[in-house]
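Peer 1: Protein chains in written order, with the working numbering: chain A, 927 to 1298; chain B, 927 to 1298; chain C, 927 to 1298; chain D, 927 to 1298.
In case anyone wonders, no lab produced these hints; they're calculated from the structure. Among the hints, a few may not be true.
What the hints assert, rightly or not - Lysine to aspartate or glutamate pairs mimicking EDC-like chemistry, simulated, CA-CA at most 16 Å apart:
id : chain 1 : residue 1 : chain 2 : residue 2
1  : A       : LYS1011   : C       : ASP1013
2  : D       : LYS1011   : B       : ASP1018
3  : D       : LYS1093   : C       : ASP1218
4  : D       : LYS1093   : C       : ASP1267
5  : A       : LYS1011   : C       : ASP1267
6  : D       : LYS1011   : B       : ASP1013
There are 4 protein chains.
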Amino acid sequence: MKQLLVLLLLALLVPPTAYAQDTRAAERRIEFPDIPGYLTLKCDLHLHTVFSDGSVWPNIRVQEALRDGLDAIAITDHLEYQPHKDDIPHPDRNRSYEIAVESVGDRDLIILNGSEVTRDMPPGHSNAIFLKDANKLLIDDSVAVFREVKRQGGFTFWNHPNWTSQKPDGVAALTDLHRQLIREGLLQGIEVVNNVTYSDEALQIALDYDLTIIGTSDIHGLIDWQYNVPYGGHRPITLVFATERSAAGIQEALQAGRTTVWFNNTLIGKEEFLAPLIRASLTVKEAAYGGDTLVLSVLIENTSDVAYLLDNQSEYTFHASADVLTIAPHQTTRIDVKTVDRKTSLTLVFEVLNAVTAPGTHPEITLEIEVE
Amino acid sequence: MKQLLVLLLLALLVPPTAYAQDTRAAERRIEFPDIPGYLTLKCDLHLHTVFSDGSVWPNIRVQEALRDGLDAIAITDHLEYQPHKDDIPHPDRNRSYEIAVESVGDRDLIILNGSEVTRDMPPGHSNAIFLKDANKLLIDDSVAVFREVKRQGGFTFWNHPNWTSQKPDGVAALTDLHRQLIREGLLQGIEVVNNVTYSDEALQIALDYDLTIIGTSDIHGLIDWQYNVPYGGHRPITLVFATERSAAGIQEALQAGRTTVWFNNTLIGKEEFLAPLIRASLTVKEAAYGGDTLVLSVLIENTSDVAYLLDNQSEYTFHASADVLTIAPHQTTRIDVKTVDRKTSLTLVFEVLNAVTAPGTHPEITLEIEVE
Amino acid sequence: MKQLLVLLLLALLVPPTAYAQDTRAAERRIEFPDIPGYLTLKCDLHLHTVFSDGSVWPNIRVQEALRDGLDAIAITDHLEYQPHKDDIPHPDRNRSYEIAVESVGDRDLIILNGSEVTRDMPPGHSNAIFLKDANKLLIDDSVAVFREVKRQGGFTFWNHPNWTSQKPDGVAALTDLHRQLIREGLLQGIEVVNNVTYSDEALQIALDYDLTIIGTSDIHGLIDWQYNVPYGGHRPITLVFATERSAAGIQEALQAGRTTVWFNNTLIGKEEFLAPLIRASLTVKEAAYGGDTLVLSVLIENTSDVAYLLDNQSEYTFHASADVLTIAPHQTTRIDVKTVDRKTSLTLVFEVLNAVTAPGTHPEITLEIEVE
Amino acid sequence: MKQLLVLLLLALLVPPTAYAQDTRAAERRIEFPDIPGYLTLKCDLHLHTVFSDGSVWPNIRVQEALRDGLDAIAITDHLEYQPHKDDIPHPDRNRSYEIAVESVGDRDLIILNGSEVTRDMPPGHSNAIFLKDANKLLIDDSVAVFREVKRQGGFTFWNHPNWTSQKPDGVAALTDLHRQLIREGLLQGIEVVNNVTYSDEALQIALDYDLTIIGTSDIHGLIDWQYNVPYGGHRPITLVFATERSAAGIQEALQAGRTTVWFNNTLIGKEEFLAPLIRASLTVKEAAYGGDTLVLSVLIENTSDVAYLLDNQSEYTFHASADVLTIAPHQTTRIDVKTVDRKTSLTLVFEVLNAVTAPGTHPEITLEIEVE
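Bound-form chain A, shown alone (with noise of 0.2 Å):
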């Protein structure tokens, strides 16, 4: 607590200085493990700017990404919905983008140039990112957009499809435009998760057509305010399990539909990716028997930022829960197991309830566990 304490007298006495400012910011960071093969990198896709109805200039979004610990981020004003186009008349679509690239300087965040394509439904609005020439896009024709992206190269992925202003009943749902981007492969991928809301339907959807899944924050205001960062919250971000850290990297590992989403405490993606970010997340410490007792306490590190809620799925009891349990996040947690008879090794067996991988189904963990 003390620590807490010190934190709070620097912000309450006569005076504070700025010197401590850095401890409290770095704090925030999101964290979690890289998976056997790829880097884990974090990735905000989808941002607003003054340079179309969001309320920060470029520099504030990179401020944000980089008190949050992203790898990367994609700027993604909307191509043609400009309300502060009589302030900022400015003609070149690519111009918020390079703002922000402008003002890392040499900081460690990788800035993404993207555009928001708004279109009303179908097909609603998409992002693409990795553009060359975001100003190509001005195009009246949907899909002749979207062609566009392609031509230089970007991914394009669906935003919201369970936006209650395009859709009412919130219900993400495809329509034939849909399906022919997908089948011309010129959709790719599609958010699951937009700012603070989560689709079921999308998810689903991902699945069907082996669409990449997305979470983005969306945001407009501010990150700290719209997710209670200071509180303990985080905002909505994209996973991506990249061979390198870099543009090209975070490209091919989208395209290749390697990603899960971190929203509020849940993670959400294919088995094939999260099952091994959960694994990597958790890691056996320590397992050994409690003096003369039959009480096998495991030790379990979490070097990830989720509070794992587990359902028990082995025929073991526990000594100190029924048979839901808590793993916090960074923090090494014991789980007494009654293995009944003295055991040389066992397999603890785990539904993840708050990792879903498809809808209504989470992913199950295995723990093999070597007894001392």
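Given chain A, put chains B, C and D in place with the hints provided.
Peer 2: Showing chains B, C and D alone in chain A's frame:
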């Protein structure tokens, strides 16, 4: 946050005064609503003092209970195990109870006279409460002790049947002697939770033999330290559903088996009492469609200390979460339900993951919602 | 603590909802009592947006002010310094003000039209507020600008006279030009606090030349980050003692010099306004001798945000502290006074260490106490 | 904040484990640096247990002290006042000390054998510590008791001379008997702080008669409750400046008068020991001019638990505060000094407002600064 800051300021600055401390103590009170037909009384039925192997005078047990907002405690020093007897040779086994009663004065806390009957297995340790004279239990023959308790009109429950000192595998299991005691009505309850431990097997025994489900702190040291109370933890207690707030009311309820245990963030009890408690905790305050959408915002108020972990069982999906969600304690939580078409009423069904009615079994809660 | 825990739970668990956020925002409101004869209005009179070198659209300034519970803000973008002009070429210097006004809608916040007149030294930078048309200030001659402000009925104050970019030693000092402007009534106030800086020398100038004492955030980025608001910090503001809550009321009060600055945990102002503010903050709620003792318990309620640091100046000593003590904000604090013999009334006198009426000078507060 | 959140999570979620509790306990350790020539030992020399009128077994006093990181405690049950004697008739007045020693085991805490000699005024209550046999103090004549303590080589200090039960006005004052005891070397120290009270008059007596300055908790209940430890409070202790960390070391230091009291956020002591302690707490880590300015940034590290309240006494003014400022505990604070011209060295002088060397008298601290 300002309230927290002020709280901390009071401790940090020059000088703190005693004035604001009552507020702070009040914050830790355990709170649960009554259920239809019964008062919900918060009881800790297993406590030790210096009169056996505890580390505090009985007045501290009283103060802890008042701070926790309990309705009743039983002082249950060991009858036979008296490690302090060289220093405290007092022969009267009712003594710690009497001191506790005197210490309560005119404050509103019920003190029950009890003893821990401390035997090797079988039958192991048991708590006898509602005693008229604890001294009369100092009998060699175990069964005779139980009979004396019954003669005094007392209630007896089996303590920590999962205790590894008496059962190294931690697996609660009845012996023939236990079965005999149960048959004769001499053993009426069983600790499913003791201190920091929980036992699925004890719960099964309670269900199989219709024993009253009990959870206790079995505190020897300090409640605050053992359960991290200042950081939000709480001691295990038995919620007793009584027709009146009195020792007699508690006794009748315990004999009738009307209890639920509150342990960490988990409720454990027979479905017939646990389900109404959950139901009484949650109230639908409002249900209205948002704007022109078909997304129904349902406001649910939670008047209990439980952070309910709910798993969606209905056909509806949600606009802001996957199937598992949390209803924070003492808050109104909004659930946005996608009803597809406009409803005037609907039914939400959830499995309550942190409530246990049998090993691996969670109750369902049904919320009938009338749309405004 | 439970309230804090619930607050944190909302951010941590699955899923948080937007529902409880208003409460949180409310907690940060800056609060001060009115003083006899005047309303105490909380004003930040120096703010930047993207329309000069700030990083946010004017609506963010409005939201920050509403969250902080301010009564009024002045939007004061640089007249001459326009680093975003390639992107925002708008020629109308009233534009950011107009957007802010529109953004307020029917919410209760007064927006003042201002401009930062941005010149080399002398006269350096100045803020002109209550402008009718900021465009008319685009004049080369510095003095002519000030005259135009006066012609529009505006109020002008010298910004950050301690700014090391214009005065490397940080020591505010008047030039002949400043003296001329003051003499002609063209320079009416001076920033004693700007952003994270304070100037004893600027305070002395204010006193010597009867300028209005001003403190401002001069915010370019985000208020929350710059002042650690979520951790209890606050932006510097000017408390304006006005006869009505309106732009006209603020203008009259500023011209009459009725202000106090609230900076970190320090109040700075002329004694005639600072002393009544402290006095209005503190109320003796109760004074009674404890039991058979001659120790008088005095309960003092503090209705302001200030943690007052008091240094005892009376002959009495205290039973629970040495001579320096703290009166926590928004709390009732008890001071136990040793009166030696039984009094029916007495006078306590304190130097208020974190209030400044001149460099190195702290006001005294006198508490007349009637014993019950 | 993440650390706090994790801490809270451990208490809130399903299930908490005992695993992380040690960390939490560690956070409350009281910390002070050594001073030149001496170790700074943290001692509480006045504690009660159930063996007089306290509410805990001696092992709780040991655990509280270990959690607080103390070096030594004295168990000082009342010799004559034995309200529990019907239950604890033990005739050996060394008994609670012996139990405490046994309870420490191989942990690193020094236990001192003591007794509170409990008489009417004069001489009132006194603590005798470093006793060989407390039973030998059971003598009717008060002066004879003090002589017996001296015969055993013990150290005696006057307890709570401001106690309103014995001195209704709370004003500590010597009697002839006290003067005689002091003259004969039988009364060597005086409590300037007892529990939640402080006495300017006791401090003056200590100075006038060269008595050792003592501050104690005089705890009867629980340290955590009495001093709000989980919320950042701390018990009053005596910092003893010793040449070795042992009972003998403490005894020699107490007899030589080398102490300072740590009470709430205030230090009280003779200047010759208090000044070096403050000096040892604060280290100038860096001093450099910022950019092209003449503002010198001085980084000061504070390795103590004290939030120092400093009042500027030098001719320099500051760029970020008025004359009163705070140096937060266990932090590095930056002070921006306006030196007017470029210095290679300079001297800062502060009055330390929350340190007391005589009634109403605060020590000065001088910081010699070499510019880099």
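Peer 1: Would you pick out the hints that fail for this structure and give their numbers low to high?
Peer 2: Failing hint: just 5.
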